[in-house]
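Novice: The hints should help you fit chains B, C, D, E and F onto chain A, whose structure is shown.
Protein chains in written order, with our numbering: chain A, 5 to 233; chain B, 5 to 233; chain C, 5 to 233; chain D, 5 to 233; chain E, 5 to 233; chain F, 5 to 233.
Please note that the accuracy of each hint is not assured.
Note that identical chains are pooled: a pair holds if it fits in a single copy or bridges any two copies.
[To be verified] List of simulated lysine-lysine pairs, DSS-like, C-alpha gap at most 25 Å:
1) Lys199 x Lys144
2) Lys201 x Lys222
3) Lys222 x Lys144
4) Lys144 x Lys201
Honestly, the hints are just simulated from the structure, not real lab data.
Please read all numbers here as calculations on a predicted model, not as lab measurements.
Protein chains: 6
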Amino acid sequence: MATVVRNTPRTDLEVVDGLAHAGVATVHEAQGRTGLLRSDIRPIFRPARVAGNALTCEVAPGDNWTIHVSVEQARPGDILVVTPTSPCDDGYVGDLLAESLRAHGVRGVVIDAGVRDVASLTEMGFPVWSKAISAQGTVKETPGNVQTPIICGGVHIRPGDVVVADDDGVVIVRREQAARVLEAALAREANEAAKRKRLADGELGLDIYAMRGRLVDKGLRYVDYTDAP
Amino acid sequence: MATVVRNTPRTDLEVVDGLAHAGVATVHEAQGRTGLLRSDIRPIFRPARVAGNALTCEVAPGDNWTIHVSVEQARPGDILVVTPTSPCDDGYVGDLLAESLRAHGVRGVVIDAGVRDVASLTEMGFPVWSKAISAQGTVKETPGNVQTPIICGGVHIRPGDVVVADDDGVVIVRREQAARVLEAALAREANEAAKRKRLADGELGLDIYAMRGRLVDKGLRYVDYTDAP
Amino acid sequence: MATVVRNTPRTDLEVVDGLAHAGVATVHEAQGRTGLLRSDIRPIFRPARVAGNALTCEVAPGDNWTIHVSVEQARPGDILVVTPTSPCDDGYVGDLLAESLRAHGVRGVVIDAGVRDVASLTEMGFPVWSKAISAQGTVKETPGNVQTPIICGGVHIRPGDVVVADDDGVVIVRREQAARVLEAALAREANEAAKRKRLADGELGLDIYAMRGRLVDKGLRYVDYTDAP
Amino acid sequence: MATVVRNTPRTDLEVVDGLAHAGVATVHEAQGRTGLLRSDIRPIFRPARVAGNALTCEVAPGDNWTIHVSVEQARPGDILVVTPTSPCDDGYVGDLLAESLRAHGVRGVVIDAGVRDVASLTEMGFPVWSKAISAQGTVKETPGNVQTPIICGGVHIRPGDVVVADDDGVVIVRREQAARVLEAALAREANEAAKRKRLADGELGLDIYAMRGRLVDKGLRYVDYTDAP
Amino acid sequence: MATVVRNTPRTDLEVVDGLAHAGVATVHEAQGRTGLLRSDIRPIFRPARVAGNALTCEVAPGDNWTIHVSVEQARPGDILVVTPTSPCDDGYVGDLLAESLRAHGVRGVVIDAGVRDVASLTEMGFPVWSKAISAQGTVKETPGNVQTPIICGGVHIRPGDVVVADDDGVVIVRREQAARVLEAALAREANEAAKRKRLADGELGLDIYAMRGRLVDKGLRYVDYTDAP
Amino acid sequence: MATVVRNTPRTDLEVVDGLAHAGVATVHEAQGRTGLLRSDIRPIFRPARVAGNALTCEVAPGDNWTIHVSVEQARPGDILVVTPTSPCDDGYVGDLLAESLRAHGVRGVVIDAGVRDVASLTEMGFPVWSKAISAQGTVKETPGNVQTPIICGGVHIRPGDVVVADDDGVVIVRREQAARVLEAALAREANEAAKRKRLADGELGLDIYAMRGRLVDKGLRYVDYTDAP
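Only chain A is shown next, with the shape it has when bound in the complex (with noise of 0.2 Å):
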C-alpha cells in the first residue's frame, strides 16, 4: 500500500529560515522541550547548521527505492526526512542522490539509517544527520511511502513540519506552530544574550537567578570538607 502525497503543505522559507538561525538547543527550549529527535542521530560533517521542510519518506529495510521516488516531490527548502519500517544500518543515501536532492532544492537529509560517500557529501558541503555510516548498498524491491506522517528518531513528523538540525542534533517544529515558535526562539536568544555577558563577567547563576532560597527549602546544606561525614 506504497502511497506518495502530492501538494502537501509547506512552511513559509522565511519563517524556516530564522528557525536555523535560532539553532537546535534555543528552538527545541522555545517550545517547551519537545520534538527532539535521539541523540544517536548525528551530523555526518560539523560544523553544520540548516533547516527545510520535512519531505518525508517511509523505506523498506536495506532498500533505497522510495527515495528516489522522493526526488521528485521535493520543491526548494525542503529537507528529506527517511526513516526505515525496521531497524537497519544501510547506506541509504549517496553522492548520487544527494546530487540529484540538490539540484531539486533539497538542503540536507535526516535519516534514521545509514548514509555513505561521507567523504564526497562532506566535499560537497551537503550535510546529513544518520545513524550510521555504512558503505552497504541498498535494493529496488519495495516501494515505501512519501510524504505521509512518519516516526523518525522517536519523533512524529509530518510533510511541511519544520526540521531544525545543526551540531547538536535535530529537532522538529509543527508547521502550524512554527511562527510563534520563532517569535518565543528569537525572545529567549535575547535573553540569553544578556544572562551570558553577566555570567561572564562572574555573576552567579544562583544570584541571577534567585535559586538559594529554593535550595534551601528543598534540602541543600552546605558543609565544610573537615566536618564532612
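Specialist: For chains B, C, D, E and F alone, kept in the frame of chain A given last:
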C-alpha cells in the same frame, strides 16, 4: 597453539592501489555488495583513504603481545588487521607500535578493538579504523596467531586479501578476485560519473533508471494531499 | 540530603599541569593502568588536552540545578566532573553554563551524560568530554551533591583528585599520588622517546624487548604458508 | 503545560479481546506490518498475552508523578502506556502502583523505561513490557501529560488505540481500524491453520506458495557441492 | 601489584539476612536511593533473592586466575563480587568454581562480566548476577586484587559491604550503615503494606499522598477530550 | 548471484549427538577456545540443548525468502543457521516455518537476527537462538544463498560443520575436527567430574592446580587489612 605463518601470498600493489582509488562504496558494489566490515569500525581521523594487503593478527583480550610479533611479518603495502578472540575495547595500538609498523611499510591498521595515542597518530597521518578509542593498556602474556585466516568486523579475512578503507568504513576483497573487482569498480566509476552529471542537471532517477512502470506494478499510487486518508 | 562540601583539598597546579602535558595514556600507564573512565566518554572536539582539579557534582536525571550550585565552589584550575544518579543523556551543560564556569577559572567539563551548544563550545575552545551530545533541556527541581566523592564513567573520584583528559579519553589521579605519578610519567616519557627512535629506525620490538625466548616458551611456533594446515 | 485529557474515546472491549486472542504477530501482519514497538521492549515474565485500550502517560525522566495522576483516568480494560520525555531506565512502576492500576481495571503496563518489584509483579500475574528492569527510584516534581498522543517504542499512540502485547512484543492498532484489523486477523488465522497442517505434513513452502518460477527469474541457481566455486 | 587483603571486616549476618528479606527496591529506597548497580547486571535465573558480605575481586580482562585466589578468603555468608579492569564479557565463572565457592559458604556471585554453565548453575540453585552469559574461556596469567575496594556495575564496593540481590538487580549497603538501613527498610515495609491495602481497595494515590494541590501549583490542568487542542 | 549448493557434506550424527551431550562450554574448551558465536545470540527458552549439522542460509535484510528455499535442502539432524547480509532484527522465522523445518528433520534454528511466535515455538519445544525477538514481518523479493559458507555471530560456518547450542550460547565445530573434538570433550568431562568432587569437598583450586608458586612469581602478595594502604 599460537602460530605465525610466513611467506603468505600478497596481492599486486598496483591492483591494491587501484582499489584504494575506487574507494569502499564502489568496491563493495563492484563485488556484489559483500565483504563490508561492521559499521562501528570507524576511522580515527577523516578524511582517510588507503588500501593494502591484509597482515592478519589474532590477539587475546587485553593482550597485544602478538602485534609485536606481527611487525616482523610486515611487508611494504600491508595493512595490519587485528581481532581479539573475545570482545575487547582496550587500546592495543599506540604511537610506538604505529612508528614500528610504518618503519616496516605498513600503511594503516584495522582493529575490532581499541586504539590509543590518537592525537599523535593523527599528527603522524597514520590511519586507523577501530571500534573504540581507549587508553587502556594491555599485557603481554598470551601469544596469538599471525597471518592465519581471521574474522574481523564480521568478515572472514585471509593474509593477502585486500583491505580497502576510507571514511565510509572498511571492505575486504579476496586476493583471487582483486583484479576482476578492480575492473568492475573502474567500469562502475565511469558509469557513475555520467549519471551524476545527469542528476546534477535535474533529471530524475525515476526516468534515468526507468523505474516508473515497475513501481506501479508493485502497487505505488499517487494521491493528492487533500484526498489523503 | 543534598550537600555542598566547602574548602575541599586541591592538588598543586604545577603537578596538575605536568600531568596534562604527559597525557592520558602515559599517566594511565604510569599509575599501573588504573583510573581510566569508560571509553564512551568522548571529547566534543579534537584535539583537546587539559588537566585540572576535580570539582565533583552529582545530579538527578534530567536536572541540572546542582551544576549552578557547583559554580560557586569552583576555583581556577578546576575541571567540573558531573555524574547523574541514574543513566541519562540529556544536555546538562550548554554555552551559558560554560561561560559561567570559565569566568570562575574552570578549564573544562567531564560528564557521564549529555552536553549541548557544542558548536558554540567549540568556538569558545571550552573542552567537554561527554557520553552524548543532546539538546534535551533539563529541569531545576532536585538538588544533588557538590564536592562529595562520586562515580563517573566507572571511576571513583574525590574533590581535588586530578582529572587528565585528551583525545584518548579521561583518567583520574588520586591527589595523594599526583606528585609521584607525575614523576613516573616523566620517566616513562623519556624512556618512550628513546624506544620510539629505535622503532622508527626499523628495529623490532621483539628484539628491543627481548621477547623471542618467552614467546617460544609460551608455545609460539612459525610455519611456512605452504605447510600451514 | 502538563495536561490531563478526560473522556477520551475507547475501543470496544469485544474487539480488543479478539485482537488479544490473535496475538501480536498476526495483528501486525493483518494491518500491513505496521504499528510494532521497538523490540527491546520486552515482557517481564512469559508467557503473557493481553490487549487493552491505551491509557497514555508522558513522564519526565526519573519522575513518576504523572503515573499517579493517570490512575484516576483508568477504565476497566485499559493498558497503561508510559513514555519518558528523554531516555531513562529508572523503575517508574512497582507493585504498589500495579496494585492501584489493577484496582481500577488496568490490565497491564507498556513502558519505554524501567520497572521494579518484578518478582512481586510476577506473583500478581500483572504483565509489564519494559525496556529495563531497575530498582532505581523516581521523584515527584514535574507533572507530565495523561491521555495525549505520545510516541512509545517508536510508535505514535493515541488514547483508546488498542495495545496488543504478548511474548513477541507490543503492537498498536488505531482505534478507527480496530474492527477491520480484527477481521483481517481472523481471516489470516484461518488461512495459517490450513497452511500449518500442510507444512507439518512435509509439503514445501516453495510449492505451496508457488515460488520456484519467480526465484529462477530473480537469478537463483542450484549447483552441486562438488561443482561449487 | 596484585594484592590479597586478609581479615577484612564483615557485616553481622543477622543484619545481612534482614536486608535480603527486605529486597533490593526497598533497601535502595531506605538508604536514599543510592548504591544500585547498573541495570544490565541481571540474574541468570528467576526468582532469586540473596544477601551477603562482599568478597571483592578485581580481575584482568579474559583472566579468571584471581577468582581461584579469592575462594581461600571466602567466609560463610559471603557473595563474590567480580569486576574486570576493562570491559569484558567472557565467562569467568562456571560450575566448578561455583561448586568451590559454595563449599566455602559463598551464597552467590555478582559479576560485571560473563558467566557460563548457567544450566548447571540453575540446577544447583547457585545464583549469579552478570552482564553476560558466555561460554568464552579465560586464561590464568595476570593476578589481580582480592578484598580491595572496587567499582562494580558503577558502584564503589568495599569488602564487607552488604550485597543485596534479587530479580530487580543488585544494591550495595555500606557496612557502617547496614544496621540503620535495615531499620529504615523495615519501617518502609510496614508503611507500604498499609498503603498497598488502601490502593488495592481502589483509593487513589492522588488522595492518599495528597498530591492534588501541588500538582495544580505546578501547572497541571484538566481538559475534556472534545476541547483538547 | 543467489546460489543453492546441493549435496553438501555432513558430520556423522553419532558424533553430533556426542557433542550435544558435552555442551557448549566443554566443546569450546576442548577445541582450544574457538568457534563461539557472539554472546548476544540467546535461546528463546531455557533449558535447551541441541546439536546438528549446519544448514547455512544467507538472507537479505528484512527478507526471509531464502529460508523457504533452504527447507528443501534440509536433512534430519540439521540445524538451520541464518545470517543477514546487513544487521537486521526482523522476525525471519515463525511457527509456520518452524513446523516446516521440523517436518524435514531440522532440530533448531540459530539466527543473527530476529524470530517471532516465540510462545508457540516454546510450546512446540522447537529451540531457537537469536539476536532478537521481534514480530516484524519480512518480504520475499531478494533470493540469497543456501549451503554456502557464511559468517554468523562472528564465526565462519560451512555446511555440515557441527552447531552445538545450549543455555550458554552456540559453538561451531569444523566437520573435519568433529570426531577429534568429541574425544577431547569426553576426556575433559571425565577430568572435570573428578575435580568437581574435590572442590565440593572444600579443597582449593589454588592447591589442586598448584598455583601458589606461580602467583608469587607474578607478584601476588598478601597483606592484613589493618596493614593495607
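Novice: To test your reading of the hints: which numbers does this structure violate?
Specialist: Number 2 only.
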